[in-house]
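Going letter by letter, the sequence shown gives residues 1 to 176 in our numbering.
One or more of the hints may lead you astray.
What the hints assert, rightly or not - Restraint ranges, calculated between C-beta atoms of paired labels, are given here:
1) 88 / 67: 19 to 27 Å
2) 56 / 117: 35 to 43 Å
3) 1 / 58: 35 to 43 Å
No lab work stands behind these hints, which were simulated from the structure alone.
Glycine included, every Cβ here is placed at the ideal spot set by N, Cα and C.
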Amino acid sequence: MTTLGILSDTHGYFHPNLPDDLAGVDRILHAGDIGNLSILDGLEVVAPVTAVWGNVDDASIRHRVPEHQRVTVDGLDVWMTHIAGRPGRWQQGMGDKLRADPPDLLVCGHSHILQVERVDALDDMLFVNPGAAGKQGLHQKKTCLRLAIEDGRATEAQVVHLDPEAAAPSSSPTEP
Numbered sequence: 001m002t003t004l005g006i007l008s009d010t011h012g013y014f015h016p017n018l019p020d021d022l023a024g025v026d027r028i029l030h031a032g033d034i035g036n037l038s039i040l041d042g043l044e045v046v047a048p049v050t051a052v053w054g055n056v057d058d059a060s061i062r063h064r065v066p067e068h069q070r071v072t073v074d075g076l077d078v079w080m081t082h083i084a085g086r087p088g089r090w091q092q093g094m095g096d097k098l099r100a101d102p103p104d105l106l107v108c109g110h111s112h113i114l115q116v117e118r119v120d121a122l123d124d125m126l127f128v129n130p131g132a133a134g135k136q137g138l139h140q141k142k143t144c145l146r147l148a149i150e151d152g153r154a155t156e157a158q159v160v161h162l163d164p165e166a167a168a169p170s171s172s173p174t175e176p
């Protein structure tokens, strides 16, 4: 089994709970709006990082990470980009790309809205937006995800509330 830590929209803020909340993950996926390179460096101390740049990331970040990444993790085909839209309301051109070659897992950010959803119309693709882990924006809760993968399939997703006092009463694992 492989465990991914998934986050986005840090906007230059490295939450002090990230190292503990992501401890034990095999890889970290950062879906853009990183903010500065020190965020990636701090995450690399926890686990290897795969990242994409977001619309507010500057040239230093864009030189280090691409706009899109497609990787295989424990048999799972993962596509990462910062701005993808959401199921049924894809960013212009994204729906066509997804229909042509759907991944098993699409990870994006940008909206700061936590969403984990299976998309039947795209071969049961798992759509993941981990919400925002930073302070910028209107979101009330800072979140990231832990995603378990086994034999090429996401088996369990757990929402991690970085500020536990702001968390909803239940943050138990769910089947994606």
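Each hint tested on the structure:
1. Our hint of 19 to 27 Å for residue 88 and residue 67 holds, since their Cβ atoms are close to 23 Å apart.
2. The hinted range of 35 to 43 Å is not satisfied by residue 56 and residue 117, whose Cβ atoms lie roughly 25 Å apart.
3. For the pair residue 1 and residue 58, the beta carbons lie near 37 Å from each other, so the given range of 35 to 43 Å is met.
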